[in-house]
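In the working numbering, the protein residues as written are 467 to 692.
Quick caveat, the hints were computed from the structure, so don't treat them as lab data.
Keep in mind that the hints are not guaranteed to be accurate.
[Said to hold, decoys possible] Here are the simulated DSS-like pairs of lysine-lysine, each with C-alpha atoms no more than 27 Å apart in a straight line: (1) K564 / K528; (2) K528 / K540; (3) K501 / K489; (4) K510 / K498; (5) K540 / K564; (6) K489 / K510; (7) K498 / K644; (8) K510 / K644; (9) K501 / K644; (10) K510 / K527; (11) K527 / K498; (12) K644 / K489.
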Amino acid sequence: MLIAANLPTFFWPAAVETAVRIKNRVTASGLKEGKTPHEMLFGKPPAPEDFRPFGCVAWAKKASTERHGKFDPKARPCVYLGPAFRGASRLWDPATEKEIIEHSVIFDDHRDASALVHPGQQRTTDAPGAGGTSTRPAPAQAAPAASPASPSAASPAALPPGQPAAVLVRAMQTVLEKGIVPDDVVDSARTIAGGNLVSPRTLSTLTTRLRERTDQIARGQQENSL
Numbered sequence: 467m468l469i470a471a472n473l474p475t476f477f478w479p480a481a482v483e484t485a486v487r488i489k490n491r492v493t494a495s496g497l498k499e500g501k502t503p504h505e506m507l508f509g510k511p512p513a514p515e516d517f518r519p520f521g522c523v524a525w526a527k528k529a530s531t532e533r534h535g536k537f538d539p540k541a542r543p544c545v546y547l548g549p550a551f552r553g554a555s556r557l558w559d560p561a562t563e564k565e566i567i568e569h570s571v572i573f574d575d576h577r578d579a580s581a582l583v584h585p586g587q588q589r590t591t592d593a594p595g596a597g598g599t600s601t602r603p604a605p606a607q608a609a610p611a612a613s614p615a616s617p618s619a620a621s622p623a624a625l626p627p628g629q630p631a632a633v634l635v636r637a638m639q640t641v642l643e644k645g646i647v648p649d650d651v652v653d654s655a656r657t658i659a660g661g662n663l664v665s666p667r668t669l670s671t672l673t674t675r676l677r678e679r680t681d682q683i684a685r686g687q688q689e690n691s692l
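Taking the hints into account, I'd like the entire structure generated from these sequences.
Shown next as structure tokens:
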């Protein structure tokens, strides 16, 4: 998903979260009666969601207090990271370099947002509701602070800075409460549930083991119903 969207690797938590969200909401061949992993885990079908291409341009409506006149753009371009809740969308705002939640969004499904995050590239923005087109350089990504070299910093499995997405934290808390996390990855699940990041490799292993456990539970329920 990151390669298709031409986005840098610091978006990997959002890409993994969106991929898992989609995976859990589509039918699986190992489940009976065309059910989804979400339905097998929570006992009810998932609510319908409108998924857009990960990493496409999403125009978030600007509040009237953010506009400085009738000719000011009525929306700002952001990077689409996936659905949030109740029709809201998770976006990354390049102006503030922060993740935001917005309800009033217009999507450009056929345009990737890589120019919004890669420094040095020019972009032409034509905001919905704006009367003209302006060309300006994309905001530069903040440079990380220099730190002494260390083995952990050179390791590809080193933890990235920041915190995991809130929905990923809640998901780990839920599976821990249900007691369905395999013993070999329970520490990783607790780490995420506590609001801390793990390496991409660890998260991939955790996701695979949870999927295997969900399939195992589904097969057991299917055998008991026969």
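Results for each hint:
The suggested pairing of K564 with K528 holds, with an alpha-carbon distance near 16 Å, which does not exceed 27 Å. A distance of roughly 5 Å separates the Cα atoms of K528 and K540; the hinted pair therefore holds under the 27 Å criterion. For the hint linking K501 to K489, the alpha-carbon distance of about 12 Å falls within 27 Å, and the restraint holds. Among the hinted pairs, K510 with K498 is consistent with the structure: their alpha-carbon atoms are about 14 Å apart, no more than 27 Å.
Our distance criterion of 27 Å between C-alpha atoms is met by K540 and K564, whose separation comes to about 20 Å. Note on K489 and K510: the hinted pairing holds, with a Cα-Cα distance of about 16 Å set against a maximum of 27 Å. Between K498 and K644 the CA atoms are separated by roughly 22 Å; this keeps the pair inside 27 Å, and the hint holds. The suggested pairing of K510 with K644 holds, with an alpha-carbon distance near 16 Å, which does not exceed 27 Å.
For the given pair, K501 sits about 20 Å from K644 by alpha-carbon distance, which is consistent with the 27 Å threshold. Under the criterion of a C-alpha separation no larger than 27 Å, the hint pairing K510 with K527 is inconsistent with the structure, at around 34 Å. A threshold of 27 Å between alpha carbons decides the hint, and for K527 with K498 the separation of about 43 Å lies outside it, so the pair is violated. Distance restraint check for K644 and K489: the Cα-Cα separation of roughly 20 Å lies within the 27 Å cut-off, and the hinted pair is therefore satisfied.
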